[in-house]
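K.L.:
Sequence:
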Amino acid sequence: MFSYKQIIATCGYAFLIIGIIISVWAVSEPRLSGDLAIIELVQSMSSDSVKSSMKIARYLGGVRVNLVVILLMFTVLTWKKFFRTGVMFLGVIPASLGIYILKELINRSRPDGDYIWIIEASSTGSFPSGHAYQTALLGVLTVALFLPIIPCKIIRIAIALFVFCLVGLVALSGIYLGVHWPSDILGSFVFVFPSAVLLIRLSENNNLKD
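Going from the sequence shown to the numbering used here is simple: count from 1 and add 9.
One thing to keep in mind: the hints can contain errors.
So the derived label-pair ranges between C-beta atoms look like this [what the hints assert, rightly or not]:
hint : residue 1 : residue 2 : range
1    : P39       : I166      : 36 to 44 Å
2    : I164      : L45       : 37 to 45 Å
3    : I16       : E49       : 36 to 44 Å
Just so you know, the hints here were simulated from the structure itself, not pulled from any lab data.
The beta carbon of each residue, even a glycine, is placed where N, CA and C say it ideally should be.
Generate the whole structure from the sequences, applying the supplied hints.
P.N.:
Rendered as structure tokens:
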């Protein structure tokens with residue numbers, strides 16, 4: 010029988026392979042099947058309040074906010090004598106750099122022309138979404154590594170719900186604001202799983218000392 014850790018590791022490899030396949034596909038395709046229909050559906054829910062909410066979500070998923078969260082987590086965990094776990098949050102930085110390099114290599118065009126432009130997109134490639142990747146990876150690490158050290162169950166549940174909603178809103182904002190294709194978001198989430206598995210496994214490595 011396979012152990013729980015072996016199953017998780019196998020799933021991590023599987024998602025990595027899927028991510029590579031989607032990346033190769035994204036190189037040759039300006040958009041994937043269903044991208045246009047999903048964008049049209051999401052952008053049909055247009056209103057000033059939704060627009061403002063999406064802009065806020067986009068900002069919260071940005072590099073500056075995520076960097077503050079990473080450093081805050083590292084500081085708190087180190088202060089609580091969980092240095093090794095804190096270092097895993099710092100691991101989001103090189104992981105995000107890898108995603109940025111992948112974006113440059115693929116250099117997929119962002120949505121334009123027939124789509125509603127609400128904010129100005131970055132000059133970097135569209136696939137995968139850096140905002141969605143960073144926020145989702147931080148969310149997974151928060152739930153898996155940070156919440157277990159919080160004694161109050163209600164606080165753990167509240168943080169988990171907030172993380173889940175934030176990740177969803179950041180992902181949705183990229184589509185709503187015309188910055189990303191839905192497949193960009195999908196690709197980001199696919200790469201989050203192997204990244205999270207690697208960092209969590211490293212945090213459990215007995216050869217690494219707190």
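K.L.:
Evaluate each hint against the coordinates.
P.N.:
Now for the hints, and whether the structure bears them out:
In this structure the hint that P39 and I166 lie 36 to 44 Å apart at CB holds, the actual value being about 42 Å. For the pair I164 and L45, the supplied restraint of 37 to 45 Å holds, since their beta-carbon distance comes to about 42 Å. The beta-carbon spacing between I16 and E49, approximately 38 Å, falls within the hinted interval of 36 to 44 Å.
This entry satisfies every hint, going by the numbered hints stated previously.
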